[in-house]
Structure formats: C-alpha cells, structure tokens
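Chemist: Taken in sequence, the protein lines are chains B and R.
Residue numbering for the first sequence follows the working numbering, starting at 1 and increasing by one per position.
Residue numbering for the second sequence follows the working numbering, starting at 1 and increasing by one per position.
I should point out that these hints are in silico values taken from the structure, not numbers from a laboratory.
Relax, there's no trap hidden among the hints.
Identical copies go unnamed one by one, so any copy, or any two together, can satisfy a pair.
In the DSS-like style, the derived pairs of lysine-lysine whose C-alpha atoms are separated by at most 30 Å in a straight line are:
id, residue 1, residue 2
1, Lys22, Lys162
2, Lys204, Lys174
3, Lys291, Lys174
4, Lys98, Lys235
5, Lys22, Lys241
6, Lys204, Lys287
7, Lys174, Lys22
8, Lys241, Lys98
9, Lys22, Lys204
10, Lys262, Lys174
11, Lys162, Lys98
12, Lys198, Lys123
Just so you know, these numbers come straight off a predicted model, no measurement behind them.
Protein chains: 2
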Amino acid sequence: MENFDKYKELVNEALDRFLEVKYPERIWESMRYSVLADGKRLRPVMVLEACRICGGNIDTAIPTACAIEMLHAQSLIHDDLPCMDDDDLRRGRPTNHKAFDEATAVLAGDALLSFAPEVIITKTPSVVSDSTKLEVLEAFLVAAGAHKLIAGQVVDIESEGKTVSEETLEFIHKNKTSALFELSLFCGAKIAGASQEKIDALQKYAENFGLAFQIYDDIIDIIATTEELGKTAGKDAKVQKQTYPALYGLEESKNKVIELCKEAKETILANGLESSLLAGILDIIEKRIKK
Amino acid sequence: MENFDKYKELVNEALDRFLEVKYPERIWESMRYSVLADGKRLRPVMVLEACRICGGNIDTAIPTACAIEMLHAQSLIHDDLPCMDDDDLRRGRPTNHKAFDEATAVLAGDALLSFAPEVIITKTPSVVSDSTKLEVLEAFLVAAGAHKLIAGQVVDIESEGKTVSEETLEFIHKNKTSALFELSLFCGAKIAGASQEKIDALQKYAENFGLAFQIYDDIIDIIATTEELGKTAGKDAKVQKQTYPALYGLEESKNKVIELCKEAKETILANGLESSLLAGILDIIEKRIKK
Chain B
1 MENFDKYKEL
11 VNEALDRFLE
21 VKYPERIWES
31 MRYSVLADGK
41 RLRPVMVLEA
51 CRICGGNIDT
61 AIPTACAIEM
71 LHAQSLIHDD
81 LPCMDDDDLR
91 RGRPTNHKAF
101 DEATAVLAGD
111 ALLSFAPEVI
121 ITKTPSVVSD
131 STKLEVLEAF
141 LVAAGAHKLI
151 AGQVVDIESE
161 GKTVSEETLE
171 FIHKNKTSAL
181 FELSLFCGAK
191 IAGASQEKID
201 ALQKYAENFG
211 LAFQIYDDII
221 DIIATTEELG
231 KTAGKDAKVQ
241 KQTYPALYGL
251 EESKNKVIEL
261 CKEAKETILA
271 NGLESSLLAG
281 ILDIIEKRIK
291 K
Chain R
1 MENFDKYKEL
11 VNEALDRFLE
21 VKYPERIWES
31 MRYSVLADGK
41 RLRPVMVLEA
51 CRICGGNIDT
61 AIPTACAIEM
71 LHAQSLIHDD
81 LPCMDDDDLR
91 RGRPTNHKAF
101 DEATAVLAGD
111 ALLSFAPEVI
121 ITKTPSVVSD
131 STKLEVLEAF
141 LVAAGAHKLI
151 AGQVVDIESE
161 GKTVSEETLE
171 FIHKNKTSAL
181 FELSLFCGAK
191 IAGASQEKID
201 ALQKYAENFG
211 LAFQIYDDII
221 DIIATTEELG
231 KTAGKDAKVQ
241 KQTYPALYGL
251 EESKNKVIEL
261 CKEAKETILA
271 NGLESSLLAG
281 ILDIIEKRIK
291 K
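Input sequences plus hints: build the corresponding full structure.
Modeler: As structure tokens, then:
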C-alpha cells in the first residue's frame, strides 16, 4: 500500500508543523507528546484516501485529517486517566498523565478538543467553500461529543463488569470506534465534493470496518503480549470489559470479523470506488485474524 | 438593568432547550447539572448586549451566547476536579464530580467543549452568513484552547505557592478571565455586523472589565463567607494562590478595580456605544468594592 506510507508522512509532517510549541510550553509539549507518538494514523490516512478516490486534491484535506488524529489522541489521553481506564502505557510509552501529571493530561485533552476544529478553520485552503468547512466542522463536533464518541465511552464505562446485550455492545463499538472512521471518510469525500451516493457507500464501509476493527482489537488484546501491543495486554478481561470475544468466544468473533470485512469490500466495489488502500486495510485485518 | 434580567431569561430558556436529555441520559444530565445551575450569566448577557448596541437582532446571537456559557461551565467542571482545584462546592451545590463521579465530570466537560460550537453552527439563524459563523467559531475555539483559557489555567497552576510577577498575574487574569468577556463582546458585535472600531472599543472594555472582575472576585474570596459565595471561601489563601490582593493588599486592589472600571466606562462612551447594562455592571462592582 504505497499511498499509506506517503499519507502517513504527510500527516506526521503537518501535525508537527501545526502543533508548534508556544508559551506556556508545558501544555503544547503535552499535546505534542500524545499526538506525535508513533501511531498507525489509520483515521487521517482514510480522510486523504477518501478525498483522492472522490476526485479531490489531498492537500485540501490535510488539516481535517490532522484534526481527526488530534481528536483520536484526545480521547486516548482522557480514556487513560486514573478515573477512567487508569492505564500506564500507550503506544509503547507512559500515558500522558504518567509522563506529565493528571491536571496537565486533562488540560492537554481539552486543548486538543478546541485546537483540532481550529485547525480545520484556519488551515484548510480557501478553495474549500465556507459551507463545506461548516459541514465538515459540524460532523467533527457531532462525532466528538455526547452524540457519538462520548456516548460510546459512557455506555462502555456503565457496562463494565455487567453482562450486556449484543445491541449494547454494538452501540458502544459504533460510537466509540466506527464513528471516527465514518467521520474520516465523510470529511475526505465531502471536501472532494463527492456525490451523496459515494458518501453513503463510504459510510457503510466505515461502519463495517469500524466494527471489524474493534472486534479485531479485542481479539488481539487476548492473544498478543504487552510488548507487541505497546499498551497493557489482557486488560479487558481483567476489568471484565464486555467484548465480542468475551461474549461469543474467539472462533465466532473471528468469523464475524471476516464477514464484516467481506461486506465492507463489496460495498465500495459496488459503488465504483476503487481503492487498493481501503481494500488492503481489510486484507491485513483478515490475514492477522486467520493466523 | 431591565435588559439584564430579560437576557438572562432568554439564555436560560435556550440552554434548557438546547441541552435536551438523550441516551445515554447520565452524560446529558451531568452537562445540564452544571450549565443550568444558578449563575450570573454575565458572559451570555454581554453577547446579547453587544449585539443590540451594535444594531443587531439579539435572536441571532442567542446560540453563541449559550455556547459561551457552556464553555464557562466546562472550564468550571474541569477546574473543580480533584487533580486541579479539588473543590466540593460550586454555585451553591456539590461540584459535578461530587454530584456524579470523576469520570462523568471529565466526559461532561469534554462533551460541552464539542457541543458548544456545534450549537453555534446548528442553531444560529441562516441570516448570519457562513463567513461570520466561521469567524465566531474561530474566536470561540482560540479562546477555549491553549492560546487563552487553558494557557491561563496552566500558568495559574504552575504559580501556586510561588511568588509571581505582576506580569505573570496579568497573564493569568487576561487569559483565564478576560478572554471569555472579550470573546462574548466580540461575538455579539461580529454577529451584528459591527465596525472594527466598535469591536476594538468593546474588546478594550472587556480587557479592563475582566481584570477588574478578577481582582473583585479575589477580594470577595477574602471578605465573604462560603454561604454568600456559593463556593468555598478563603480558598485562594489556603492554597497560596497568587492573587492581586495577596500581592498588593486589599486597599491597593480596591483602588485598582475602581481605576479599571473608570477606564472601561470611558472606552465605550468615547466610541458612541451607549449601554446602561455595560455601565451598570461596572457600577455594581464599584459599589460592592467600596463597601
């Protein structure tokens, strides 16, 4: 997937540039610490690929791609706090509140929540219309807030240690995980001026991919080591987190992932969206799951 | 100040309407708990008054007024957390993390940070142009983030227990307190389509008012009781917070407030902005300080 590495480099370079250290340095350094940590950059890469396959110029989507990565980093910083998942390790390094302190971690997350949409407004080239910028911003804010990301997190916390229905589990995954993939593909397509049909197909892909990715992540949490993960392994079972593998076992979970990947692939193909990158990400997940 | 009460009612009614409880109820109830608590509503009232005296229709500024009140509530929720000021009482009631729990308080603050600008986008009448909406949003996000509000909070935390310069103290006040008053008057004026000259005058008023208000607040913290305040009194001295009265004594602080109020009043008058409300707020502060 040649584009993947190229996109990742563009995003990393832009994030480094946007997150310039200013006074008071501690807060900007804390923001940089988490955002610039080594990550897959799946969400921003999807923004750029959606933009490209819908006929857009990827340069126009880079600020939004970076904003979504900042939002992802923000949600990890706050999820890792002692009052939430209380985790010490993230992306192979101490979590933000361990590297800095709790107050700084709360404020760094808050600062990213404001800085991310600010970057969309101030860094998106003027060739993108004001009305498109507002549509992208609205989608961003809806995904980030109590309608989606935070709704998923709240229900996730409420469900710990309880047996939940498949519906509840899907609500958590759809809002905690799929929402940002949906947002990424929506924004990339919207900035490119894509048709509603293409946007719908990409949203459908994101929904299937997001669920597949979450179940895959939960399977990996069981079978991988902490070193391989870069975050604490076996954590889900320890806190009795409700996961697909916990509820349905490893085999059925693997089958579900394979089925979702197949659906996702068919959705984009049926709508004339050719992307070796979007197909390739599904292949990687399928391959790892089959091992 | 007849308009004050009218504006306050309009804002409270709109906040109640915008913050409709949805699933998962706990997060929306936690957001409502802090936003709808009894407050002076100084900032949203200023948005509406700036809009009116610049010739605008106040209905067009109500969503932005509410957004700024939500941002204010958010900053209070997170400032009160155990890892920050660790306070139990706010606006006469238990703080958010005491009434709910720490995780919910962190998430309610996060949710408000996204919901506030969402309300500006989705609830501002279409008579306000997209480019004005984007200018208002940008100012909102800049004020909320690491450039201003959070910069002030970070330097405030870093300064606790240390002797700081007057410059540092002004940096904290300018960013933690004045920034939201400046934002309020800027947004109200901008939505009304005010001239740059009027906007500048209102910004100057806000800067003086903000500093006066902060010093006034610090004086009150020393001379009032917890019951009168609705939050823990004498807290600043206890945590050795750097305040104007702590550094310069009560008398010099009172004189500073009176001087700042005088300057603020002159600024708006000199620019043909007649507002018994903006003048009246200054009178109240002066009167209370002189007691």
